[in-house]
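Can you make the complete structure from the sequences, with help from the hints?
4 protein chains.
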Amino acid sequence: MEDKDKITCAVLGYGYWGPNMARNFFQNSKFILKSISDVSEARLKKAKIDYPSIQVYQDSMEIINDPEIEAVDICTPVFAHYKLAKAALEAGKHVLIEKPMTSTVQEAEHLIRLAKENNLKIMVDHTFLFTGAVRAMKELIDSGEIGDIYYFDSVRVNLGLFQHDINVLWDLAPHDISIMTYLLEVDPVSVTALGADHIGNGLENVAYLYVDFGNELIGHVHVNWLAPVKLRTTLIGGSKKMIVYDDTEPSEKVRVYDKGVEIVNGDVDNIYKTLVQYRTGDMYAPKIDNTEALRLEVDTFYDYIRNGTKINCDGEAGLTVVKILEASQQSIKNQGVNIKL
Amino acid sequence: MEDKDKITCAVLGYGYWGPNMARNFFQNSKFILKSISDVSEARLKKAKIDYPSIQVYQDSMEIINDPEIEAVDICTPVFAHYKLAKAALEAGKHVLIEKPMTSTVQEAEHLIRLAKENNLKIMVDHTFLFTGAVRAMKELIDSGEIGDIYYFDSVRVNLGLFQHDINVLWDLAPHDISIMTYLLEVDPVSVTALGADHIGNGLENVAYLYVDFGNELIGHVHVNWLAPVKLRTTLIGGSKKMIVYDDTEPSEKVRVYDKGVEIVNGDVDNIYKTLVQYRTGDMYAPKIDNTEALRLEVDTFYDYIRNGTKINCDGEAGLTVVKILEASQQSIKNQGVNIKL
Amino acid sequence: MEDKDKITCAVLGYGYWGPNMARNFFQNSKFILKSISDVSEARLKKAKIDYPSIQVYQDSMEIINDPEIEAVDICTPVFAHYKLAKAALEAGKHVLIEKPMTSTVQEAEHLIRLAKENNLKIMVDHTFLFTGAVRAMKELIDSGEIGDIYYFDSVRVNLGLFQHDINVLWDLAPHDISIMTYLLEVDPVSVTALGADHIGNGLENVAYLYVDFGNELIGHVHVNWLAPVKLRTTLIGGSKKMIVYDDTEPSEKVRVYDKGVEIVNGDVDNIYKTLVQYRTGDMYAPKIDNTEALRLEVDTFYDYIRNGTKINCDGEAGLTVVKILEASQQSIKNQGVNIKL
Amino acid sequence: MEDKDKITCAVLGYGYWGPNMARNFFQNSKFILKSISDVSEARLKKAKIDYPSIQVYQDSMEIINDPEIEAVDICTPVFAHYKLAKAALEAGKHVLIEKPMTSTVQEAEHLIRLAKENNLKIMVDHTFLFTGAVRAMKELIDSGEIGDIYYFDSVRVNLGLFQHDINVLWDLAPHDISIMTYLLEVDPVSVTALGADHIGNGLENVAYLYVDFGNELIGHVHVNWLAPVKLRTTLIGGSKKMIVYDDTEPSEKVRVYDKGVEIVNGDVDNIYKTLVQYRTGDMYAPKIDNTEALRLEVDTFYDYIRNGTKINCDGEAGLTVVKILEASQQSIKNQGVNIKL
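Chains as they are written, first to last, in this note's numbering: chain Z, 1 to 341; chain L, 1 to 341; chain X, 1 to 341; chain C, 1 to 341.
Wrong hints could be hidden among the right ones.
Put simply, identical chains are the same to the list, so a pair is met inside one copy or across any two.
[Said to hold, decoys possible] In silico lysine to aspartate or glutamate, DMTMM-like type, Cα no more than 20 Å apart, as pairs:
1) K230 <-> D247
2) K333 <-> E262
3) K333 <-> E216
4) K30 <-> E216
5) K116 <-> D50
6) K116 <-> E249
7) K287 <-> E90
8) K230 <-> D246
Because the hints were derived from the structure by calculation, they are not lab data. All figures in this text were calculated on a predicted structure; none of them were measured in a lab.
Structure, rendered in structure tokens:
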């Protein structure tokens, strides 16, 4: 690829996630990673060691004002997403934003408007959508093999890094919510969320999120920073088949069970067997593509910018996740009152 | 033991659970199992084959009116619990009732009153309290080894038998609620429950139950009749240690993790590591006593009747479970409105 | 079925295995279980409690001499198999013998000859051949889906009951050997076995058995009475697919992996990738029939006696197992010298 | 550390393993990684991209003849180990050799002699000895908690990379053999090995290795390149406790079971319960240190060279592994004849 076709980009924020993104932009022949910024001296030093050839700045604005930069990837803490994305869009740059897109629905909507006005692209880093496992489940569901979806139940717990600016809901749930909304493609109707803060810093470390999608289709997410074991298990119940997605499995992450129930005549003589017939068949685990998700994601970002290829993690997708998070936050702070969306 | 010291008893209801109880009363030298009743001819026939020496009746009242019978075990569907228990107590018999104790709080309270007035005993069949695993967890918690309990999270899902008179909450959750209230020994403050009915018979087949115990102590139960795999996992988080109780494990059902967090000074330079210090030590699985739960339970029922030994599944314990179930039912039918207890 | 078509039978030996067989003969409408024998007063008492209607004897000969008895099931310790089977055959009775068939090849051959001469049937209780899992594997292999079998590797270890008359090889390996020879249907060429006795009673409590079937088809069995965990894992490698059979799994006991290798041109530039191409596809777990193995086995015994239906656990099959065991014993006592069969 | 105290080193061979070693030497402040060699242009190019500052050579002799180089790490295929190590030692350089040390016992002995004569150090890259799991097991065994060791049983199977110069025994078994000899610290008496080649290139892809350590202490290793699943399970039976080491576990890799047997009086009345009493207590999983093994190994190499600190993977340890491999090879090529060591 000729240099003129490549996209010169920068990574803003070099904490936990930034290095992963920087590596992928650096290794991707369609991008030229020019610069990295971070407020921390220590992390800038690390960036310099990792990539001697790259410019580093403590002030992100120096990058945003660099006319050579065509796109920026915002990997800072959530509270800084909006300010940096806004500045970048106003400076005419395409934007990739770490999840969750913003801290409020209003901010997300403003960024989408800004992008449209300036004919720029916003993509949100919903990494899991690029994993082989989630892509496999999407194919299974779209093919109709699972039938009508009944529920989506996700558990994401472990002894996790307590964030000091956001609670466990904003930290972990974006993964589950982005997967759920991507797979279901149904607009959520309302949200109920509950949780607790056991550290006493006002940030819930355990939370339960219930999403009503209407027509008895429900979603549930359990996120927990204070669990003794790492669980990453999603159950998806369908009218024809059911899926168990265990992301901690080294292989066979996705298992498809030929199980279900159908209504039949009840058994008047046995009050315990009634009205329902059970079907149990084979289980199978489709082969999962192991391509690194971030590599696919960076390629997708390129196609989105250069060719306007439709993607499933654009600003609107990011907005939907923030809507659910904001409503959940409102619900959790009001003892689980139901919030319409 | 001389016959005069033995308790002559009967089992009312010989469907799914009755045969287990009958076997234990039959094998227990402290009891004389005299009769069994069931509305179903077919099941009475089975009872006769299993125990040729025992009298069987289609009408439970024949047993309740038998002056020789000192105690009855009610193993019928829930809706019949109150009527039979009331009749038995009025006939001067001690009562063991399958869980849940009754369909309403009012019924449970009336039975408790009746028993007190007639100086009789009511015990509720909270079977799990008699398992080695639950007893081991109770000892761990009471010893202080776990510290203050933060949360109790229980998942009980599989492709389950759809009941035609009660929903999944009334069918499965009594197990988790009875274990939870037994282990925590804290009065619940309020309940929020949500669920869905995918069969269209008005009975939820999946439900989520959230119990607020105050002071950031929370309980959560996920019950599901429509899951592709059988999960029986309970997480208990404490200030000192945490427990994982997996009832599907053939051995090592209870695992104790020396894991936890403590507040320390934040790291100003790293926004991602903050305020909290993590501790990870050994894990161990205490040896679990494998005595059959029902055998212990039947022995306990005898001691309760003959010696008034204090038990943890008396009428009051059964009432607490029914209170939570009734409130949950109310919540679930009102889109998860929070119900004070 | 009319009584005249039923087979009147008896169970000789009521220790560990006898009660299971007695229950299945008792519940099976094609058989009439008339009597049970055991040298132990205690165990005879237990038999009497379990089946009040049945006659019990301390001397098996009283049963063998009972003209009404048409078939006997020998569930005694191994050393007594030959003597009792011989007497039963000479008395004109069909015989079902617990595995292993006999203590020596000579004994097994003599019993087969006796049966043929008296036109009677011998069946050996290779229980696993009647499980849904083993039957499913047999179908998979016979269908050609697995391709040519390369190896059969079985591990059967746990903290097991030390026998006082036989070593772990004679106690546990008959299961694996009978499954292996049934699935492979190839005559073994030679045997090498090694083991150790850590108790000092002259009986190995851990043993490794290697069976050469020729043409690079190999079998290996690891049996161990002194293992901390219960493992029941069999790996079967084929030219097209591979099987993992884990008998400790509650469901999905048999998993079929679409994995394999093929020879291709080597990569001259990479000495580490060479000559071989790897194929990895889906995994699936066929639904397993859960019918109790012993029920099927007892039905099979009936058909074998009444209709001469061909079975896969006749005297010849039992003899093959004993041949391998005897050769293994010889090998193990001679530091693993290779024994031709 | 001052540069004069640092060790200038080189990595010979940049295929599968070389890059891991290069990274660790590069990141370790006690070493100065000066150069890398490999016969493959492609791999040299990769080395240059990974470490722009480092010199690369196609001919290892250019490095061996570089007076600045004080130590070399040989990461080439096995057949080249001896030639390169010999040259390096003759050129006065310390040597770290990838496992297995050499292709023959004679070669290994010669290298040891050469090193002694030239007062140089040889260390063999038995990586697993530096993992937290193996170090934890060593502590457990040395502390006496496990008691007398009865057996060491290791399974290392998966769909593995077929080597074109060595069989599965020489490829995988060095890991198990080095762990086994390190933990047991007993001289092996004899070896019996069997295996098969299903590809037809003369190299076994499945092998069983049995090591007799005398006094009923036995070792067994099952290595397999053609297995459908990845298994890394080691059972260690002791007179007091038993260990299960599962290297595929993300955490709790080492589990200690308080299980065992003791001889007691037999039960005359029950032929099936005899002579032995069983003990089953708690299980626990000690916390495992997660320091990268190679980092520890490189530090150890430094201390060995500079301070002569005693190590457990010196030339003698490497020689022991080669002795067992050579004997196994001899056994496997002679239908498992027992080879004295």
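Against the structure, the hints come out as follows:
1. K230 <-> D247: both (10 Å within a copy, 17 Å between copies)
2. K333 <-> E262: neither (40 Å within a copy, 24 Å between copies)
3. K333 <-> E216: For K333 and E216, only the inter-copy Cα distance (13 Å) is at most 20 Å; the intra-copy one is 26 Å.
4. K30 <-> E216: Answer is neither; intra-copy 45 Å and inter-copy 50 Å both fail.
5. K116 <-> D50: Neither. Shortest intra-copy (35 Å) and inter-copy (41 Å) distances fail the 20 Å Cα cut-off.
6. K116 <-> E249: neither (41 Å within a copy, 48 Å between copies)
7. K287 <-> E90: Answer is neither: 44 Å inside a copy and 51 Å across each miss the 20 Å cutoff.
8. K230 <-> D246: Classified as both; 11 Å inside a copy, 14 Å across copies.
Hint violations for this structure: numbers 2, 4, 5, 6, 7, all remaining hints satisfied.
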